[in-house]
Amino acid sequence: MSAARRETLLWFAQRASAAVLALCVVVHLITIVYAVRGGLSAAEILGRAHGSGGWIAFYALFVLAVSVHAPIGLRAIAIEWLGWRGASRDWVVLAMAAALAIAGLRAAWAVFA
Amino acid sequence: MIDMKNDYRSRNHSGWWAFLVHRLSGLALALFLPLHFWALGQALHGEAALDGFLRWAERPPVKFAEWILVLLLAAHLGGGVRLLMLEFLPWREWHKTLLACAAAVAIAAGLAFALAL
Amino acid sequence: MKRADDRRFPHNTASRIPRSPMSTLEVHVWRGGASGEFRRYEVPRQEHQTVLDVVTFIQRRLDPGLAYRFACRVGMCGSCAMTVNGVARWTCRTHVSKVARNGGLEIAPLRNLPVIRDLVCDMREFFDKWARARGQFAPTKTRRDEFATVLPSSAARREADAAIECIGCAVCYSSCDVVAWNPNYLGPAALNRAWTLVNDVRDGARGERLEALAGDAGCHACHTHMSCTERCPKRLAPTASIAGLKRATLAAVLKGEL
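First to last, the sequence lines map onto chains S, V and Y.
For the first sequence, position 39 matches number 39 in the working numbering, and the numbering has no gaps at all.
For the second sequence, position 92 matches number 92 in the working numbering, and the numbering has no gaps at all.
For the third sequence, position 235 matches number 235 in the working numbering, and the numbering has no gaps at all.
Check before you lean on any hint, since a few could be wrong.
Stated by the list, open to error - Here are the computed distance ranges between Cβ atoms for each label pair:
1) S:A13 / V:E47: 36 to 42 Å
2) Y:H95 / S:G86: 43 to 49 Å
3) S:R85 / Y:F137: 40 to 46 Å
4) Y:A34 / V:A108: 47 to 53 Å
5) V:I107 / S:Y34: 16 to 22 Å
6) Y:K98 / S:A16: 42 to 48 Å
7) Y:R144 / S:V92: 53 to 59 Å
8) S:W81 / V:E47: 40 to 46 Å
Because the hints were derived from the structure by calculation, they are not lab data.
It should be emphasised that the depicted structure is a prediction, and the values quoted were computed from it without experimental measurement.
Note that CB positions come from ideal geometry on N, CA and C, so glycine has one too.
Bound-form chain S, shown alone:
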């Protein structure tokens, strides 16, 4: 793949996942503010969440979008502020994306399944 194609696709993935995240984050912020009223407890959260198919799908999408979006952002910081040139940087970024996706999906499963 040419550098031009790769850079364009990375930029597009960043913006597309941003659009998805914009919706997810609005929902998430509203949920947080609603849930936090009167204090948080595990019983409360898990009581509402367990077995909820809609929510697990929502958070799975949220996790996947963030697993694309955050690493690409960190990649830009690595290039510009850490001066990290070369192929190793992109492999590390890819590993971060995988780690976030796995940890996030596990968390979604933990809360909603």
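On the provided structure of chain S, position chains V and Y as indicated by the hints.
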């Protein structure tokens, strides 16, 4: 030959501040996420494990940190929507207005969270 | 002793305004190359004085060894661009009264470019990047063909016209922090010029140009700091042009052209 670099004097304009807030908030959120996923994953070990974490999170310094995170998330959201509009919509002289809207979103979210506590 | 240029540098330029006590400006000017120091000069303050007037006074009256660039001195050529109190400006169009801090000025060469000597920087990399971004028109017709018809009101031509007035002064390039952080970044001027050509319906090198400007350190490295747009003396918006390039490269990828 070494090039001379810019300093704060050339950076003191709204577009630069918008960028800095957006980048630093994104970095903070990216560093927070693994902790967030770990904490929620505690539910796998049963309700008591998650409750233990939530009890710890009731402490004021932690609640304050949570409030900061909500602010950062809302700021990153507002700044991000501003960028999407600047990059995808026909160009207009509205980057400062959009920044004001982004700041308003962040403040509103911060207030809502603080009042809900 | 009367000097030949005393009439050109009188103590009070406006004879109708009552003479006020003469004040001086404290000016710190970069002397040297990559390493050097700011040297202090005292320059008589005038009623209507530009930073270029100050630099010229120093070189002609105080220190003939000072190296600096200028040409038209009326805000048309962009040669006199320098860093004034940390901000890149055209010195011939910058009034001292607007920028002087506590009666003082700090004058340095443009940032992000190697310093040759004093206030003169090496512009080669700036123009090399222009070429790397394929900022040259690629003709498709000869004199034997019909004239190309381009409606000024067409969408593409309006996009090009909004960005076409760039004279290559490097103020935007000097102001851009991505250039500082990523030395290969093509920079706002080169990308802005490429955008005008992407919108030129007569141009024949669209494919190669999009390939050239979308690579590592290409248009996608722009993070919309907008320092370029903030500082451009011609009031251009390279940020807008670069946003256009981001959309154009995406369209090309989605169509399988890139």
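Legend entry - Violated hints - listed by number, lowest first: The structure conflicts with hint 3 only, although it agrees with all the remaining ones.
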